[in-house]
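Q: Just so you know, the protein sequences line up as chains E and V, in that order. Note that the numbering used here numbers the first sequence so that position 13 is 13, with each residue one more than the last. Take any residue in the second sequence, count from 1 to its spot, add 1000: that is its number in the numbering used here.
A few of these clues could be false.
[Unchecked claim] DSS-like mimics (lysine-lysine), calculated; alpha carbons at most 25 Å apart, straight line:
| id | chain 1 | residue 1 | chain 2 | residue 2 |
| --- | --- | --- | --- | --- |
| 1 | V | Lys1240 | E | Lys56 |
| 2 | V | Lys1042 | E | Lys56 |
| 3 | E | Lys39 | E | Lys56 |
The set of hints was computed from the structure by calculation and includes no laboratory data.
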Amino acid sequence: MKRLITLTINGKEYEVAVPPNLTLLDLLRYELGLTGTKKGCDVGDCGACTVIMDGKPVNSCLVLAVQADGRDILTIEGVETEEGLHPIQQAFVEKGAVQCGFCTPGMILSAKSLLERNPRPTEEEIRTALSGNLCRCTGYQKIVEAVKDASEKLS
Amino acid sequence: MLLPKFDYHEPLSVDEACQIMSDLGEKAKPLAGGTDLIVNMKKKILSPEHLVALSRIEDLRKIELLNGSVRIGACVTAAELAESQEIKRGLGALGQGAGILGSPLIRNLATVAGNLVSARPAADLPPPLMAYGAEVVLKSRRGERTLPLETFFQGPGQTLLEIDEILTEIIIQRPPESAGAGYIKLGTRKALEISLVNVAAYVALDSSGTTIEAARVVLGAVAPTPLRSPSAEKLLIGEKVDPSLFEKAGQAAAKDSRPIDDFRGSAQYRRDMVAVLTRRALNMALEQARRA
Ligand SMILES: Cc1cc2nc3c(=O)[nH]c(=O)nc-3n(C[C@H](O)[C@H](O)[C@H](O)COP(=O)(O)OP(=O)(O)OC[C@H]3O[C@@H](n4cnc5c(N)ncnc54)[C@H](O)[C@@H]3O)c2cc1C
Ligand code: FES
Ligand code: FES
């Protein structure tokens, strides 16, 4: 039986009827067309599906859509503003931290959550904060540099 | 991967959850962070007809200090444990285990009760919790019981939890000032890693600060359940602290371990590492005990 849930995604309120066995990831991608959130492994290993739920980054492939009822979700689509790319996004572009781009939404959301809690992280802290997000292309170095760069510009 | 179909229940209190579990019996499973259960359902290892989500029960989300004990609600997440001041003060080894479980994303979902009920031999929270002598509280319509955590585990994925029961909280007696504990996880990576071996050690010193009054050594991933090492503990208790003592305790712990060969490491390697990690975890515990 479908359930009616209400949740806020990127500042906008949605009311949707969802079956219990739909994940938040599949709701975002296939029901709402928010395909910035990627599906890699679907079992919590890769972090491509990272979204920020009530202020905390989580694997949306492991959260049921019904569990997100009443919650506040930020996906990569909500990071850019009218003024342009978010400084973290800008830094990723400038530092060459994006190659195929599959890991990028998750990386940026994990980085954003880190910089909100800890505006001037050490390299070790950056690497730990991104350790649930796998990248098959960049070798991580440029991603770490981009986050460092963004932290300097933001603080 | 599609999830099998199920009915979803979202009780707002423990009593309501117990009522649902009692009505549905073995057709139902509690759902906490979902980091084990949802994965197993996607892989079609499990397909319960009903899920009873515990995440909206506020009572299960608290860490409380009560008459010298720390009560950790079932749904407290690994991230919350790792950041909690109450845990850092006095229960540091538990914070260490919670702080390296999975990844930051997993830690924001994974709960302490889920980690215990899943009963994986290599799990990160049972060894530090057992080292502190934790107890678990199990509740059902039939009543409530409190068990020492070390008796709770029966084998991989097997515990004493009955089908209608919910694990509601974990109780730890606050260790004395003269005690300390350490936890070490050995893997081949720093994150998203299942332990090859893990060890938690607890020591309490006497008033002179030189003799070991109490000790617990707990070994993970080297037996079907997390294992206390009686030989190491016997060797430590009543003895004066010196470096060769911890060396010997490590050797004793290695003898008590019952590791297996698998693709992640050989039994011999694991046994050798038990000795090394036990010595190091004891040193961490001692350092903390002396700081007080
Ligand atoms: C990518 C990844 C990495 C991981 N890395 C680690 C790691 O490094 N170390 C580690 O120890 N674990 C790890 N895990 C396993 C998992 O995250 C933990 O075991 C976690 O603590 C499980 O908690 P949960 O809240 O997600 O449980 P769930 O998946 O919700 O539940 C697990 C089981 O416990 C039962 N249950 C949950 N809560 C209760 C309750 N209160 N009362 C009764 N039964 C209950 C459920 O019915 C289910 O059978 C990892 C998992 C993933 C997906
Ligand atoms: S798709 Fe969710 S962690 Fe890989
Ligand atoms: S840029 Fe391709 S996976 Fe990271």
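Q: So, for every hint listed, does it hold in this structure?
A: Results for each hint:
A threshold of 25 Å between alpha carbons decides the hint, and for Lys1240/V with Lys56/E the separation of about 47 Å lies outside it, so the pair is violated. Simply put, Lys1042/V and Lys56/E have alpha-carbon atoms about 24 Å apart, close enough for the 25 Å limit, and the pair holds. Between Lys39/E and Lys56/E the CA atoms are separated by roughly 19 Å; this keeps the pair inside 25 Å, and the hint holds.
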